[in-house]
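One line per chain: the protein sequences are Z and V, in this order.
Using my numbering, read the first sequence as starting at 3 and increasing by one per residue.
Using my numbering, read the second sequence as starting at 24 and increasing by one per residue.
Just to be clear, a hint being listed does not mean it is correct.
Straight-line Cα separation of at most 20 angstroms, EDC-like style, residue types lysine to aspartate or glutamate; simulated pairs [unchecked claim]:
1. K5/Z with D267/V
2. K49/V with D288/V
3. K281/V with D196/V
4. K6/Z with E260/V
5. K281/V with D71/V
6. K5/Z with D71/V
7. K179/Z with D113/Z
8. K6/Z with D267/V
9. K92/V with E229/V
10. K281/V with D181/V
11. K281/V with E48/V
12. K239/V with D288/V
13. K322/V with D71/V
14. K6/Z with D113/Z
15. K5/Z with D113/Z
16. K179/Z with D196/V
17. K179/Z with E48/V
18. K281/V with D267/V
19. K9/Z with D71/V
20. K9/Z with D267/V
21. K9/Z with D196/V
22. K49/V with D196/V
Since the hints were made in silico from the structure, they are not lab data.
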Amino acid sequence: MQKKSWKFGTREVVYAAIGAALYAVLSLATNWIQLPSAGNVSFRPAIVIPMFFGVVFGPIVGFIAGFLGNIISDLIAGYGFWFWWDLGNGVIGLVPGLIAVWMTTYNSFKDIVWGEVFSTIGVLVGMAIASISEMWVSGADMSTVIFANYLPAVIPDLINGLILLPILMIAYAAIVKRSGR
Amino acid sequence: MPPGFRPYFEMLVTWRYRLRNGLMEKFDPRARWIFSLAFLFAVTLFWDARFLAFFFIIAFVWYFSSRAKWKETRRGWYLIGFILFMMIVINTIITGGGAGGVVPPGGHLVWPQGGTIPLVGWQFHFGLTWERLWFAICQLLRIGAISAIFLIIPYTMDPRVYGVTFRGLGLPDRFAYSMELAFRYVPTLARDFGTTLDAQRARGYEIERVKGGIIKQIVRIAPLIVPVTMNSILTGEDVTNAMDLRCFGTRPRTWLQKLTFHWQDYALIAFSIILLVGGIIMLYAFHLGNFWVPEFWLKLAGG
C-alpha cells in the first residue's frame, strides 16, 4: 500500500497514542539521569520517541507523540501545562515525519542519514519555537532565550536523538522483516 | 537504585488527580480550559504592575479554590522557582540584557558610583537600574499568575475526561480518541517498562551503573528503550486490527463521559471573554497596560 504523509487513519490514531504514552513514560523513567558536568540539565533519551514515530508513521503521529507525550509527562510529574514547550516537542516529531513516505528499509545508510538530518532540523526548529515563546510569556531577552532555554534544550536532545534513532530504526527494520507487517 | 529513580518509577502509574471537592471542580473542564487560555492571552498583554497584580490575585483565588495542598504541588513550584530564578535574578537583575525590550534603555542606576571589591580593591560598575528591578517584580507577578493557573490543572482535572473535553472544544474525533487512548496506555506501558527493567536486571544489566561519557550512557539506555518501544509497536498492530474490525471511524463516536454546561460554566466563559476582550481594549484603544514605573519607586532612586 502506498504511504501517505498526512493520513490519519486507525493505524495512525493508535500509534500516535502509543508514541505519546511511551514518550511520557520513558521521559519520567529517565529523568533522574543528569548530563555529566551540566547541572540541572535533565538527560532525556526519550526524545528519540517522537523522532522515531515521526520517521516511521508520519508527521501527524510524530507531532502527537511529542506534543501529547510532553503534556502527559508534565501532568504526571505535576509540572502543569506549558503549551509552547509541548508545541516545540510536537515539532520535534513532526519534522522527521515529513520524510516518512520516502523511507523504505529503515536500516539502510540513506534512510538513517535522512532520519538524522530531519530529526536535527526538528530539534532546532521545535526548541526555537518553544524558547522564543518565552520572550512573549516571560519577557526574557534574546540572549537569555538562547543561553538559558535554547541551548540547554537543544544540545541534549540532539545528542540523545542522533545516537538512539539509528538503533531504533535498525530494530524496527528487523521487526518489519520478521513479521512482514 | 540511583537517588531519585525509585520515586519517579513508582509514580509512573499514579496520576496527580484526586477528587478534592474544591470550587474549581464544580466547573466543566471545557469552561476551565477556555478560562485558562483566555487568562494566558490576557495576562501576556500587560507589563503594568497594577494590571498584573489584578491578574495575580485572580490566579491565586482560582488556585486556592482547588483545595490542593502545598505538599502535593511543591514539586511543580520548585521547578517554577528555578525558572523564575533564572529569569529574574540571572537575566533581569544580573545580566540585564535589555529585559526583553520592555524596559527603556538608560534609567536610574542602583549603584551609580560603582563599588570596590574588598581585599583586592578592584573597582566595578554594576548596570542594574531601579527600572529593571521594577520589571523583575512585574515578571514575578506575570509568571507567578500564569504558573498558578496552569500548574493546578493536573491536580484538579480527571485524566479520563481529557479526550471528551478536547472533543467538546472542537478537536476532531480521531485526535480526541488518540488523546484518550494515550492516557489509557500510560499505566500499561509503565508496567511493560517495569517488566523490561526487571528482565534486563536478571540478565546482569545494572542501571545503577549507567556511568561514563555521554555516548556510553545513552547507548547503555538502549536495552531499556528498544524492547519497550518494539513491543508496544507490535501490540499496536493488534489494537489497530481490533479497531478496524469494529469499524472504527466510520461514524461519529460516542463517549462514556458526558459533559454538560451549567450556569456557572457560562458565567466562567463570559468572565474569560470579558478578561480577554477587556484586556485588548485597554491596551489598544486606551493604551493602558504598558510597562510603567511608579513615582515612589523612582523616589527611592533619588530621581
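Do the hints match the structure? See the list:
1. Using a Cα cut-off of 20 angstroms, the hinted pair K5/Z and D267/V holds, with the two alpha carbons roughly 18 angstroms apart.
2. Between K49/V and D288/V the CA atoms are separated by roughly 9 angstroms; this keeps the pair inside 20 angstroms, and the hint holds.
3. Distance hint between K281/V and D196/V is fulfilled; the C-alpha atoms sit about 15 angstroms from each other, no more than 20 angstroms.
4. At roughly 18 angstroms between alpha-carbon atoms, K6/Z and E260/V fall within 20 angstroms of each other, so this suggested pair holds.
5. At most 20 angstroms may separate the alpha-carbon atoms for a hinted pair to count; K281/V and D71/V exceed this at roughly 41 angstroms.
6. Pair hint K5/Z plus D71/V does not hold up; C-alpha atoms about 53 angstroms apart against a cutoff of 20 angstroms.
7. Restraint check for K179/Z and D113/Z: the C-alpha separation of about 16 angstroms stays at or below 20 angstroms, so the hint holds.
8. As the CA atoms of K6/Z and D267/V are separated by approximately 18 angstroms, the hinted pair is consistent with the 20 angstroms bound.
9. Distance hint between K92/V and E229/V is unfulfilled; the C-alpha atoms sit about 37 angstroms from each other, more than 20 angstroms.
10. Restraint check: the Cα-Cα separation between K281/V and D181/V comes to about 13 angstroms, which is no more than 20 angstroms; the hinted pair holds.
11. This hinted pair checks out: K281/V and E48/V have alpha carbons roughly 15 angstroms apart, not beyond 20 angstroms.
12. A hinted pair counts as satisfied when its Cα atoms are at most 20 angstroms apart, and K239/V with D288/V does not qualify at roughly 53 angstroms.
13. The suggested pairing of K322/V with D71/V holds, with an alpha-carbon distance near 18 angstroms, which does not exceed 20 angstroms.
14. Among the hinted pairs, K6/Z with D113/Z is consistent with the structure: their alpha-carbon atoms are about 17 angstroms apart, no more than 20 angstroms.
15. Proximity of K5/Z to D113/Z is assessed by CA-CA distance (about 15 angstroms); at most 20 angstroms being required, the pair is judged to hold.
16. Proximity of K179/Z to D196/V is assessed by CA-CA distance (about 33 angstroms); at most 20 angstroms being required, the pair is judged violated.
17. For the suggested pair K179/Z and E48/V, the alpha carbons sit about 50 angstroms apart, so the restraint of at most 20 angstroms is broken.
18. With a CA separation close to 25 angstroms, the supplied pair K281/V and D267/V exceeds the 20 angstroms bound.
19. Only pairs whose Cα atoms come within 20 angstroms are accepted, and K9/Z paired with D71/V is rejected, the gap being roughly 46 angstroms.
20. For the suggested pair K9/Z and D267/V, the alpha carbons sit about 15 angstroms apart, so the restraint of at most 20 angstroms is met.
21. Restraint check for K9/Z and D196/V: the C-alpha separation of about 14 angstroms stays at or below 20 angstroms, so the hint holds.
22. The straight-line distance between the Cα atoms of K49/V and D196/V is roughly 26 angstroms, outside the 20 angstroms bound, and the hint therefore fails.
In terms of the numbered hints stated before, the structure departs from hints 5, 6, 9, 12, 16, 17, 18, 19, 22, listed from lowest to highest.
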